[in-house]
Amino acid sequence: MSRQFTPKVVTANDLLEGDVIYLTADDRWTRAHHEAELIEDEAHAQLRLLFAAAQSDRVVGACLADARPGPNGPEPVHFREVFRARGPSNYPHGKQEVAHV
Amino acid sequence: MYDYDAFDRAFLAERNAQFRQQVERRLDGSLTEEEFRPLRLMNGLYLQLHAYMLRVCIPYGTLNPQQMRQFAHIADTWDKGYGHFTTRQNIQFNWPKLKDVPDILDSLGEVGMHAIQTSGNTIRNTTADHFAGAAADEIEDPRPVAELIRQWSTDHPEFQFLPRKFKIAITGSPNDRAVTRAHDIGLRMVRRGAEAGFEVLVGGGLGRTPMLGVVIRDFLPKRDLLPYLEAIVSTYNVMGRRDNKYKARIKITVFENGIDRFREAVEARFVETRREFSGVDQQILKGIEAQFAPPAFRDAPTDAFDAALAADPAFRAWAGTSLAGHRAPGHAIVTVSLKAHGATPGDATSAQMRLLADLAERYGHNELRISHEQNVILPHVHKSDLPAIHAALAGAGLATANVGLISDIIACPGMDYCALATARSIPVAQAIATHFQAIGLEQEIGALKIKISGCINACGHHHVGHIGILGLDRAGVENYQITLGGDHTETAAIGERAGPGFAYDQVVPAIERLLRAYLANRKAPTETFIDAFRRLGPAPFKAALYPAEARDAA
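Here the protein sequences line up with chains W and A, keeping their order.
Here the working numbering is used: position 47 in the first sequence is 47, and no number is missing along the way.
Basically the working numbering = 1-based index in the second sequence + 101.
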């Protein structure tokens, strides 16, 4: 029996800003993890990753990251993805800056 | 200090123009990321967790006020108003935008700075004793030689694609403040009779396989330095492994072949390289040495210093931790702590950078240094100026009297910034610093080096910390291993792992148990943690770290 597929989001860094971004179900890139498309099917995940990786003039390092459903949308699973989704812990920079949202 | 000549300026302008075009081609889609990545890394531009990061080289940790002000300008114009000084005496900007980087590099070029070879499998910034040229215990200022190495290694055509990165450290003093035994090559100035030369160490390095460098030459005449370095690096370039990234550093080459076989190969190559160096390097070195002539130290009374020491307890505490012996009478070396309790180790705001530049200009013969311990040094200060300097630093949050104490922690950026990190470092350092200040034990504990790395690559030098902390990912949870008994000085030692790791919120309590055991077991307050550890061995400290296990075994 094959291992059960863990839900995923497609994530990357923005080419210009370097900021962490996520692929949405309607083919946009968002800076908010909860707006990402939660992918529950492995074959669909591979297709979405190919779609993301093809946009090399916009994004860098597209990959799949584990996620789980939450009340406001997908939530990160691993702590590294939690930090990527939030920003550094020593200053309120990156996604934590009000002006940035 | 070395000033760029026309050749240096033209070289840099050309490289910056090339990189500007490369960025343009990346942005217009004509270069893929796979094509662009090696080009940006050659210019010190990384893509980290949340943003790009630009690592700027501060050659051998020496800079002038104009350069420090330019860092402040860059921080304000293109970043978030601060910079991060690293354990390799460099500065990192954590938030540049890709399109702005060519402008930042031009701005650096205006003051004779760049980001070349701060990444990639090349010879990186040669690091040096941060007290160089000032220390009372010094044989000779090592920086002219470090500058010669910079000129030789920058864009060296044979050494742009080494098996792995390559780091050289140099000290002119028998008291090693440059961690020379933890570098690919360590150079220690020594004298044989009247002749100046180097003890040459090779094969040191931290990372996943920590090793201390071994002596490959106990005395190398000064004039032979570049041909000998060229012989070592070119031997490594051929013998070093390229099949496995984790076995590619020179430490593995030396370890696998044995120092004798490696030395033989180097000496054979040295016969050739020595012939090829016509002596032009020695002419260039003479010119460089003239630029490092010591400043005109003044002969003046130090009454103001003595009076402040007697009258002002805050000044007395600061002077007690921040000053080191200077070779000129009446002078001192000032270490400015970038480790205010709760602050990020090594970070300085643009305002703090400008103040440090002003102080260097007004009181410090236009010199600043960055230490591998992530502090800033004013190397040449007359003692009578210290009360004014202390007052100015205090006004900018830079007068923390903690240099050499538990809160003077080395910490890499860890998972708050670094894409390679496996756990966070900065908040651990912040928590340790604020906790021991809050419980009032910092002074009582005294001299102590805590060094924290957020992954096995060991940028935070945890192996050579008296207490080392290594952050790992254990099954999706941050976990911290503690090592004990490391030493970063001339008596260098790799710390040994104490036992199982600790959860993120258990690190501070573990360190407190460890240090309370030290306080209970030391012979006298003058016996430091590392001395007590060497006398007692690890047992009482492990028992304190793992009380349950100790009980079970009893």
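Hints should not be assumed to be uniformly reliable.
Said to hold, decoys possible - The list that follows gives simulated cross-link-like pairs (lysine-lysine, DSS-like), each with its CA atoms no further than 30 Å apart:
| id | chain 1 | residue 1 | chain 2 | residue 2 |
| --- | --- | --- | --- | --- |
| 1 | A | Lys-387 | A | Lys-348 |
| 2 | A | Lys-268 | A | Lys-348 |
| 3 | A | Lys-266 | A | Lys-200 |
| 4 | A | Lys-348 | A | Lys-200 |
| 5 | A | Lys-348 | W | Lys-95 |
| 6 | A | Lys-200 | W | Lys-95 |
| 7 | A | Lys-323 | A | Lys-268 |
| 8 | W | Lys-95 | A | Lys-323 |
| 9 | A | Lys-268 | A | Lys-198 |
These are computed hints drawn from the structure, not numbers from a lab.
Hints and how they fare:
1. With a C-alpha separation of about 39 Å, the suggested pairing of Lys-387 (chain A) with Lys-348 (chain A) is violated against the 30 Å cut-off.
2. For the suggested pair Lys-268 (chain A) and Lys-348 (chain A), the alpha carbons sit about 16 Å apart, so the restraint of at most 30 Å is met.
3. Using a Cα cut-off of 30 Å, the hinted pair Lys-266 (chain A) and Lys-200 (chain A) holds, with the two alpha carbons roughly 27 Å apart.
4. Among the hinted pairs, Lys-348 (chain A) with Lys-200 (chain A) is inconsistent with the structure: their alpha-carbon atoms are about 36 Å apart, more than 30 Å.
5. Straight-line distance between C-alpha atoms of Lys-348 (chain A) and Lys-95 (chain W) comes to about 38 Å, which puts the hinted pair past the 30 Å bound.
6. Restraint check for Lys-200 (chain A) and Lys-95 (chain W): the C-alpha separation of about 20 Å stays at or below 30 Å, so the hint holds.
7. Between Lys-323 (chain A) and Lys-268 (chain A) the alpha-carbon distance is near 19 Å, which keeps this suggested pair within the 30 Å criterion.
8. Between Lys-95 (chain W) and Lys-323 (chain A) the alpha-carbon distance is near 53 Å, which puts this suggested pair outside the 30 Å criterion.
9. At most 30 Å may separate the alpha-carbon atoms for a hinted pair to count; Lys-268 (chain A) and Lys-198 (chain A) meet this at roughly 28 Å.
Of the numbered hints given earlier, the model fails hints 1, 4, 5, 8; all others are met.
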